[in-house]
Amino acid sequence: MRTNPANYDLVAAPNLSAALALMAENPGGLLPIAGGTDVMVRFAAGTLASWKLLSIWNLPELRRIDVSADEIRIGAGSTYTDLRRHELIAREFPLLAQAAALTGGIANQNRGTLGGNIVNASPAADSLPALLAYEAELILVSARGERRVPYLDFHTGYKKMRLEAGELIRAICVRRCFSGYVSYARKIGGRNAQAISKACIAALGRVADGVIADVRIALGSVAPIPIRLRATEELLRRKHIDAELITAAGKAALAETQPIDDIRSTARYRAAVLSNLVREFLEILDAACVTNG
Amino acid sequence: MIGASMPRKEGRDKVTGRARYVDDLTFPGMLYGATVRSHIARGKIKKIEFGQGIEWDEFVIVSAKDIPGKNYIALIENDQPCLADGRVNHPEEPVLLLAHADRHALPAAVAAVKIEYEPEPAIFTIEESERKEQVIWGADNVFKTFTVEKGDVESVWAKADFIVEGEYFTGAQEQLYIETNGVIASFDRENGVAIWGSLQCPYYVHKALMPIFGLTEEKVRVVQTETGGAFGGKEEYPSMIAAHAALLAMKSGRPVKIIYDRAEDMAATTKRHPSRTRHRTAVTKDGTILGGTIDFAIDGGAYATLSSVVLSRGTIHAGGAYYWPCIRIASKAVATNAPPHGAFRGFGAPQSLFALERHVERIAQTVGISPVEIRRRNFLKQGETTTTEQVINEAVDLGKLMDRALEISDYDAKRRRFAAANKTAGRKKGMGIAAFLHGAGFTGSGERYLNSLVGAEGTAEGGVRVLVSSTEFGQGTNTVLCQIAAEALGLPYDAVTIAQPDTTRVPNSGPTVASRTAMVVGKLVASAALGLKQTLIAAGLLRENYTPEEFRVACARYAAEHKRFRSLARYEQPEGVFWDDQKYRGEAYAAFAWAIYVAEVTVDLTSYAVTLDDFVALQEVGRVLNPVLARGQIIGGVAQAIGFALFEKVEWRDGRMQNNQMTNYVIPTSADLPPIRVFFEELGNRHGAFGSKGIGELPMDGPAPAIVNAIENAVGVAFDRIPLLPEIIFETMTAGRQGEAREPLAPSGVR
Amino acid sequence: MSGARPAKRTFAFTVNGKSGTVCTYPMERLLDVLRNELALTGTKEGCGEGECGACSVLIDGSLVNSCLVPVAQAENTRIVTIEGVTEDSRYAALRDAFIEMGGAQCGICTPGMILASAHLLDRKPDPSLEEIREALSGNLCRCTGYLQIVEAVAEAARRMASP
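Chains A, B and C supply the protein sequences, listed in that same order. Residue 185 in the working numbering sits at position 185 of the first sequence, with consecutive numbering throughout. Counting the second sequence from 1 gives a position; the working numbering is that position plus 1000. Counting the third sequence from 1 gives a position; the working numbering is that position plus 2000.
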């Protein structure tokens, strides 16, 4: 432990609007901390730049999940355990449920939050590709009010995002329109549990009349931000799945990513694996649709 | 009760959270200590500045100048400084020590010490060391060499039908005990130094502290606290951290606790020696080994420490479980500018046995016979000699052991099934074998040199207390030694306890290393215990066929009358044991345990990741003293060896470990291991307590080659370097052709 | 020098059924408060980065890594440490099984393993071996290779089901 806690302050607010008021009063001076599974690691390593923190852990406005006829609204303070326990998420949003199950171990799932995962913006974050595939929208909130933005263009670069000063993520909204889709999620890490991903995929597909009606392929750890493979998806839409298409898709996926060498893995390995994951998804999509007639 | 799973003596404390590890202890007035370490690999220290923003008067500061005696950590050579004085030879080398009452104040202070260096060129690999462009140690960068020669090696080349060559590499491995290194030291003029710490060898620390402080034996006290894992990583290293804490205690007049955080422990302390082995073997066309040469080299890091002994064990094990009519093994330990490498379970044998068990596969392929057959044809048999010309005296039948391992693992049927399925599968499956041995106890005359002394004490309550410096760190020392004493005396298990290792209270039973504790020390415990009985009988207090209650009464009475009731037993080398230290020839070990391990793997060609589907560990161990503990040792050792083979890679940059965090240095979790199936055979052992042989290190030797052999079987590609990460499998399999496996490596040197 | 330098504050919570307060900095790690201020040394530090699980405790019944929890966030919660689990006779079978079946070797991961096991058995009294492995996958052990721990938890579950 390389930090002196005497140099850090942590304030708590009784509710969301009090928290937002504090943030407005301290522009740039208060770092929000929810479950702490990212912030506290940096704290212990001595690399946390902010001296003053604001606890948003367990705020009731943020830690809730609301279901309406059209969408599910996941409070940003929901933990991975909250997601895993939610019956509708398991049923209708399996990519998210699987991502939550693959994040850390039980203890970290009990504290890590979906909002925290988004704002920490690690390119290797486990849940973000799922949110891209489901085309989530974020409700952002500050003392000035609320706004709703598409998640697809929320991240603009490595650890850069469209979050303004004094803003928190309030909720992540996902439309309930994915029944009938085949879903596929896979994480390649250094080991089977408690691992940071080297490459991960969250993908959805729907086949109608023998061709791909809709496809969404999102990848993590292969670019500075989690990404949707737009060009690859375009290549696949309205096509019949065969070996040639699958090979072409694998190549197209490579062209849309920039995997790197880092302490965990190599660019070449990541490139090969992401291409394989895309191909594996298409094989599964094909097999599922053959089975379903 | 030998052969019964008596419950762990300190088990209740461990499951209730009552067990006290060193960081759980506080002493009145205690300060906390921290270490300022080198950032460069090699160079002269030009200037040390104490930066702004720290109240330096509040800190105790110790440098090399404060050392009252000699500035070295006594081990074998005395070349490793306790604190760097004027120059550094590896990253993380300790330069200064700081202490403060507030533990949290230390990291900022450590960071504020600015050391200016005049860097010198540094070397980081065995090859760089061999080139001698930089000589960083002694005259030639070589800590130690050995040559083992048996028969006339030069005569075999002409007779060979095949000459098979291969080169094999193993990487560094971090012990990663879940409790980091830590000690508390106190010092006063009258009593000298006292240490409480997480350690394997109290008397090693005791020996190292005397010259540093210029103190005699009775002025140094070392106590082992409950130790949260060691695996060799707390064999020699604790002398360093103990010396540091003691220096701060001396300078401050207060007790000082030093606990390393995980990042410091991983970067600064010892790791398994990286190795390079070159084989050249002459074989007949039916696969019989005629002879060969083995060049075995290990990277020792910047100071000699234990490299000569690791080298010794690796050298002696290099020929494995096979009969070599002729052999020449030339080995060396060389210096590089990395933190010194050190003891880690297996201690050289996992390195040389990995090479051998991979090389035997290559021989099999060259000759055109199966991995099973090549081993059968060359297995050592009773009456034959090892590479050091030790005669195998026991009725070991490796052929039958192989039969049993193959049956348990369903090897033949599975190999056939996998070969057929692999033609079309995207997930390839394979089976691999390793056959090996592990010599328990110190090598050759080592046990005689250790001269172990063991005590048994009769307590005032009439119980028996075992007195040894052998430590418990999870492997079951406390339990097994108490079982042995109880069995020897015919007493209930609960009548026997074991003293906390404290150099003022227990004799030196030697270090807790080399798989010697149950076998060698245990035998002495039995003798010492019997001495109590003999004394009581001779004193007329006990009849021959006594009951436990009669013993208790007699023992309590004797103890009360004599104030102290103790029996000591000293090691004596068995008759007829011959060992030549110059020629490295003779009886290297009192006993060998033998093993056949079988791995079943799946290689997923989407991710190039390897999954272990089944693992069979079959070994002959003399006698299983405690089945639950023995099984736990094997499973735990196999798990560490799986890490060694597939997961654990030290990322080096300029001699420093970059991935010194648990998140980046990957050990297996419960989700990564197959059910590890453990089976034992028992041939007995004259030289071991109740027929036992040492087993702590054996399971480290076999899994890595068995797994890499299985991977080769699955994908048809040979890998000769571990750790074998998916990235490497990917690169090797796709070299030249994107996305397809290339042809299996052709064996080299085929005539 | 830089930094926030707040005053120490008083935080109230219940530990192992007993209410109390500590006066300390809000960013003091719960792990350090338990071990140092409250002298509950059964909870261990293995890594300080939430990877090894040696620091596991229950907060309001939920398993967490206490090295990642600032004490201020534990205010007004019910915390259970290994000492509390030890006092709870419901888990006697878990302790016994760990001892009998080799679930503890060096013991440093054991408090965390017991916490994680208790957390599992509270929710799933009849777990499969796979479920046990998953429940413990955030607790690293270097000694046992996990198998005897998993077997101990399975055995404890059997005994707790028919006491």
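Think of the hints as simulated: they come from the structure by calculation, not from any bench. Just to be clear, a hint being listed does not mean it is correct.
Straight-line C-alpha distance at most 20 angstroms; calculated EDC-like pairs for lysine to aspartate or glutamate [unchecked claim]:
no., chain 1, residue 1, chain 2, residue 2
1, C, 2124, A, 82
2, B, 1044, B, 1149
3, B, 1423, A, 82
4, B, 1159, B, 1149
Can the restraint linking residue 1044(B) and residue 1149(B) be considered satisfied, given a maximum Cα separation of 20 angstroms?
42 angstroms, violated
Within 20 angstroms, alpha carbon to alpha carbon, are residue 1423(B) and residue 82(A)?
At roughly 44 angstroms apart (the allowed maximum being 20 angstroms), residue 82(A) and residue 1423(B) break the hint.
Tell me if the straight-line CA distance from residue 2124(C) to residue 82(A) falls inside 20 angstroms.
17 angstroms, holds
Taking 20 angstroms as the top limit, are the C-alpha atoms of residue 1159(B) and residue 1149(B) close enough?
19 angstroms, holds
Consistency note: the structure conflicts with the earlier hints numbered 2, 3.
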